[in-house]
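Asks: Listed here are the chains, written in short residue letters.
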Amino acid sequence: MNKELKILAIIVALVGITYWGIEPYAHSVMHPHHEPATFKYEDLKPLPVKGNAQRGAQAIVNNGCTGCHSIKSQNIPAPMDPVSASASYGVNPPDLSNIGAIVDPKFLANFIKNPTHAALLEHKFGDSKPYPMPAFYGSDQDLADIVAYLVSIAPKNLSDREVFADGCGRCHNVRYDKWTVLGDRPKFKNKVEEADFELKLAKYEENLKNYLGTTPPDLSMYIRSRGGEYIRDFVENPQKLLHGTAMPRVGLTEQATEQVVSYLEYVGDRKKEKRNALGVWVLLYFVIFSILAYLWKKKIWAEVL
Amino acid sequence: MADQKRRDFIGMVFGGFAAAGGLAALYAMKRTWDPLPSVMAAGFTTVDLSPMKDGELRTVTWRGKPIFILKNPPTDNCNKEKDEAQKRLVDIGGSKYLIMIGLCTHLGCIPSWEPEKKVFHCACHGGLYDACGVNTFGPPPRPMDIPPFKVEGTKLVLGEEGPEYKKLVGKA
Amino acid sequence: MAHFEKANSIYEWLDQRLALTKLWKVLAAEYWIPKNINFLWAMGVILMTMFTILVISGIFLLMYYKPDTKLAFDSVNYTIMQEVWFGWLWRHMHAVAASVVFLVIYIHMFTGIYYASYKKGREMIWISGMLLFVTFSAEAFSGYMLPWGQMSYWAAQVITNLFGGIPFIGDELVIWIRGNFYVSDPTLTRFFMLHVFLLPIVIMMLIGLHFYTLRIPHVNNQDGEEIDFDAEAEKYKAGLKKESKVIPFWPVFISKDIFVLGVFMIFYFYLVFYHYNFAMDPINFDPADPMKTPPHIYPEWYFLWSYEVLRGFFFDVGPLSAMDMGLIAFGIANVIFFFLPWFDKNDEVAPAARRGGFFIWFWLLVADMIVLTIWGKLPPTGFNAYIGYVAAVGFLALFAALPALTAGRSGLLRLIIAVTVILFIAGYLQYTKTMGNGFIITLLFIIFYALFFLSPVIVKRVSGGAR
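Order-wise, the sequence lines are chains A, B and C.
Going left to right, the first sequence walks through residues 1 to 305 as my numbering numbers them.
Going left to right, the second sequence walks through residues 1 to 172 as my numbering numbers them.
Going left to right, the third sequence walks through residues 1 to 467 as my numbering numbers them.
Worth double-checking, as some hints may not be accurate.
[Claimed, not checked] Label pairs and their calculated CB-CB ranges: (1) A/Lys129 <-> B/Gly64: 25 to 35 Å; (2) B/Ala19 <-> C/Ser410: 44 to 54 Å; (3) C/Val202 <-> A/Leu305: 35 to 45 Å; (4) B/Thr59 <-> A/Gly64: 36 to 46 Å; (5) C/Ile328 <-> B/Gly138: 26 to 36 Å; (6) A/Asp127 <-> B/Thr59: 26 to 36 Å; (7) B/Thr61 <-> A/Ala53: 47 to 57 Å; (8) C/Glu123 <-> A/Glu273: 51 to 61 Å; (9) A/Glu273 <-> C/Asp185: 34 to 44 Å; (10) C/Asn334 <-> A/Pro186: 50 to 60 Å.
Simulated from the structure, these hints should not be mistaken for lab results.
Note that CB positions come from ideal geometry on N, CA and C, so glycine has one too.
Looking at chain A on its own, in the form it has when it is part of the complex:
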């Protein structure tokens, strides 16, 4: 018995060394460590003035925001359909109904003031290739009012899917949840409707590709291919993890990011809870199995030893 434990110890040690080398160690070499996301957006400065939501309602119209953006919850419609908008701007400008709930207010103010700077896309956009959303030329007070207004109209509770749709869904498809960059994939009455939708989708995706230089990936399996932690850190600062990427920093709050991760987990790993729950029982089964097997073995070997 002693000898067998010694053999076991040697095998466990060798397997352990090998495992350590090819998994934790190799991955730490291939994917250097980075600081976890803080969602503080510390490189950006807060506005010097406090905003007033009531004034903001007027300011948002006066400053021309609604010339491109819809605010559906306030009955302000989109001036263009998504495909035409993508043809003009590269991507459909977001509806602003929920933006105050999912985007950090400080980030939002900075983004409106200077979009390329806040989005960390200065390597892609400049004077020769301007960013589709112009920088804000109004006063800081106007800006603060607009942000206060957007925060005031934002609903308190959004589902994970709604957060994803507003935060990521205008560039990324999620085919395992029938989500397209144009919104939910509808049910089609006939082939013409379907072909019509596919054509619109193809046009939108082509505009997006020309705008970003690459087609943003479908995120269906990202929870398994990247993992929640990576997604979380990536959303907070894409350039930190993938230098030179076309993805903008979108300024989601910590909670909104958690909701995005939990949505992706639902989409790409929806059996996770079942897996974790069943595992305990299977392991318990084999523990008891082993105990019984040991007793049986002892009984049988008593005759021969």
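Once you've looked at the hints, dock chains B and C against the given chain A.
Replies: Positioned in the frame of chain A, the structure of chains B and C alone reads:
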């Protein structure tokens, strides 16, 4: 004795005949594994070069790989000796063409052509190639590879080895 | 024609026609195994169980899997993983078993090497086992392609490309294997056929052969003792169970195996449920994209050591190109284990601990293969490349030295030393050319040689010349 011989003979004939059948079947099996005619035909891509503009990069797909074609590249940015840079270019109808497999020789990402800087930039690991496709910075170990091609008038056939290709890679 | 009488039970009826009682005796109740064994002798039963798990989980995956480059990824990751009841369980079990089975194979194999169970009449056991190893490797490689993720695709691209190194026919052979100029739909469908039909059939036949090869030489034991199985079996049957040196397969041997199996299953299912990333690489959850190479391409862990032998030769030595040397070394690495019974010139059957220099050779081989495995995964840049080179040359040197070491012929040993020294000097020159000061690599060589050539002498001194 004669009987024995005859039996041996018949046995050998039968054995040989059976083996021939087996070989024929093996041949059929080998052929079934061969690439299909349509696949073989798709292995040769013909590109018409006449509508191309100077300094314009065209990407065509050949055997699942992107092929870069650049007409009259700005060779002033080729870092190597002028001769060596020129050697990578092909003369077709009075114009110079750069033809190469558009995969970074480091790990096969697709570099992008940046006309204002006159370089190919690989976003994956920051490799740089000059306007002749020669690696100048970063991890790529060698210039981008040149695919086998043949020139037919103003048309380029990818996948066949023409005399221009052989001259280019020194196989003449 | 045989004579049949009216049977009194179904068992008797079957027994008359199929000789069940006799069959059971031959296969289990009177199939004799030495008593002097440890839990390493249970690896065969564990392997059999793992193979059964692979077949059963594979059957259910096959019900929903679609071998088409457009459908494969989603059929696995959506249909099987998220829709089919327990589909995720079969997939996880299949993927983890495919990885863990190699761990057990390696343990099984090195047990055989350690206890000298490959020679003196047991050569066919060894060869049939190695054939199983090779077929399992092919099975694993073809199966890894099926989910059509990024790693599936690029591993297939890199591995099939290796055949291009074969002289004259290489380029055409690669196209022939792939069924296209690059890895694509025809490649997937033919590897699907191999994975779900041809190779499993071959594996089953080889398992039969492997069991059969055990019949005549019998299973080895912990001390390499030659046992008169007939005499010992008679003793056992006469009731002298404690005195007999053998035990029957059923129920004595198997009762121990099942206990070991139970413990192993706890480990296995822990991996299946909670720790599967080593077997299901996250990168493979990105769909295959021929136009985009992942930043790091590496094979599954069980191929890393031979992959590193290939990669270890990364610079030209005189007229030999790095690529050719690597391919030759890789080719040798993949077949060399077959010849172990003939490379070992000593016909003594005993644990390595009692075989003098072989003991050191064994542990050096284990250490070298672990180094190769780990460095096979690390990016081959900078100093890592040199560690890979030393380990790869070391691997070949170990096998080249084995005949001389076990036969005690110093002339051959000297030749091998000369050749490896030349290879190491080549490594040194390359190192000083590209990395500057060659102190560390020199140290590495010296350590290798010290361990390799001096330790058998020391061991002999200490153990008073065991051989």
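Asks: Each hint should be assessed against the structure and marked as holding or not.
Replies: Each hint, compared with the structure:
no.	hint	result
1	A/Lys129 <-> B/Gly64: 25 to 35 Å	31 Å, holds
2	B/Ala19 <-> C/Ser410: 44 to 54 Å	50 Å, holds
3	C/Val202 <-> A/Leu305: 35 to 45 Å	40 Å, holds
4	B/Thr59 <-> A/Gly64: 36 to 46 Å	39 Å, holds
5	C/Ile328 <-> B/Gly138: 26 to 36 Å	31 Å, holds
6	A/Asp127 <-> B/Thr59: 26 to 36 Å	28 Å, holds
7	B/Thr61 <-> A/Ala53: 47 to 57 Å	54 Å, holds
8	C/Glu123 <-> A/Glu273: 51 to 61 Å	52 Å, holds
9	A/Glu273 <-> C/Asp185: 34 to 44 Å	36 Å, holds
10	C/Asn334 <-> A/Pro186: 50 to 60 Å	54 Å, holds
In terms of the numbered hints stated before, the structure departs from none.
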